[in-house]
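For the sequence shown, my numbering assigns the number 2 to the initial residue and increments by one for each residue that follows.
Don't take every hint at face value.
[Claimed, not checked] As a list, the in silico SDA-like pairs of lysine to any residue whose alpha-carbon atoms are at most 25 Å apart:
id, residue 1, residue 2
1, K38, D15
2, K38, L123
3, K4, D39
4, K4, E35
If you are wondering where the hints come from, they were derived from the structure by calculation, not from laboratory data.
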Amino acid sequence: MKKTHAYPVLIVDDEKITATLIQKILKPENIITEYAKDGEQALLKMRQAEIPYSLVISDQKMPEMTGDVLLEKAALISPDTPRFLMSGYSDLAAVIRAINNGSINRFIPKPLDNQAFIRVVLDAVTQFEADIEAKHLFEQAKTQTLKLFELYKELKQETQMFDKILAGLDTEIAEATDKMDALKNADLKNKNSLDRIEQAMKSKKILTRNNLAGFAAQIKEEVYIQFQDIAVRNGLTMPGKS
Numbered sequence: 002m003k004k005t006h007a008y009p010v011l012i013v014d015d016e017k018i019t020a021t022l023i024q025k026i027l028k029p030e031n032i033i034t035e036y037a038k039d040g041e042q043a044l045l046k047m048r049q050a051e052i053p054y055s056l057v058i059s060d061q062k063m064p065e066m067t068g069d070v071l072l073e074k075a076a077l078i079s080p081d082t083p084r085f086l087m088s089g090y091s092d093l094a095a096v097i098r099a100i101n102n103g104s105i106n107r108f109i110p111k112p113l114d115n116q117a118f119i120r121v122v123l124d125a126v127t128q129f130e131a132d133i134e135a136k137h138l139f140e141q142a143k144t145q146t147l148k149l150f151e152l153y154k155e156l157k158q159e160t161q162m163f164d165k166i167l168a169g170l171d172t173e174i175a176e177a178t179d180k181m182d183a184l185k186n187a188d189l190k191n192k193n194s195l196d197r198i199e200q201a202m203k204s205k206k207i208l209t210r211n212n213l214a215g216f217a218a219q220i221k222e223e224v225y226i227q228f229q230d231i232a233v234r235n236g237l238t239m240p241g242k243s
């Protein structure tokens, strides 16, 4: 099964019978065709087309606007659309002029050689479709590249923010460690002080077996209050008394 070509071919000829013949030649190749009776109608169709034409085929001899003039204007509307000019050899001067100024891509001599004509039309249409697809893929790739670049920037910003958070946490951990060390030192200092007080009081027989327990409980209460005060000032929470 032959491929169906999505982009139509525009045929321009003031002689409808010639245009109908070309349409019949191209129909078996699954090429969609549209017809314009003159240059003005052809240009209007090109301006209003929802999708570009894959090829414009124009006769040279037409009233009001010749084929070479039409194709020169068509090139301004749709530069990527190939342009074929059909003419007899009597119009070679116009054909050469159109070739020189770049308004046509190929000269099709009359009368048509059907097989040769089909071959060059298929080549032009296929190349046009390949170019359109390549441009589409390029635009997709460009869009994806831009999205990836934006994602990279976002990730970079998030990484920088995460590094700042980690640095802050490191500082907080270091400060908390220092506070804990200070509390430990205070605890050890107070314990040593209590031991010295207890020994002094024992040596002076101030403490007896009967009042030692009560005095120790009182000392523990006072030490707990001191620890609690130190903890609050250092942003820590003391556990409940056992």
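Against the structure, the hints:
{"no.": "1", "hint": "K38 x D15", "result": "holds, 5 Å"}
{"no.": "2", "hint": "K38 x L123", "result": "holds, 23 Å"}
{"no.": "3", "hint": "K4 x D39", "result": "violated, 30 Å"}
{"no.": "4", "hint": "K4 x E35", "result": "holds, 18 Å"}
The structure fails to meet hint 3 from the earlier list, while all remaining hints are met.
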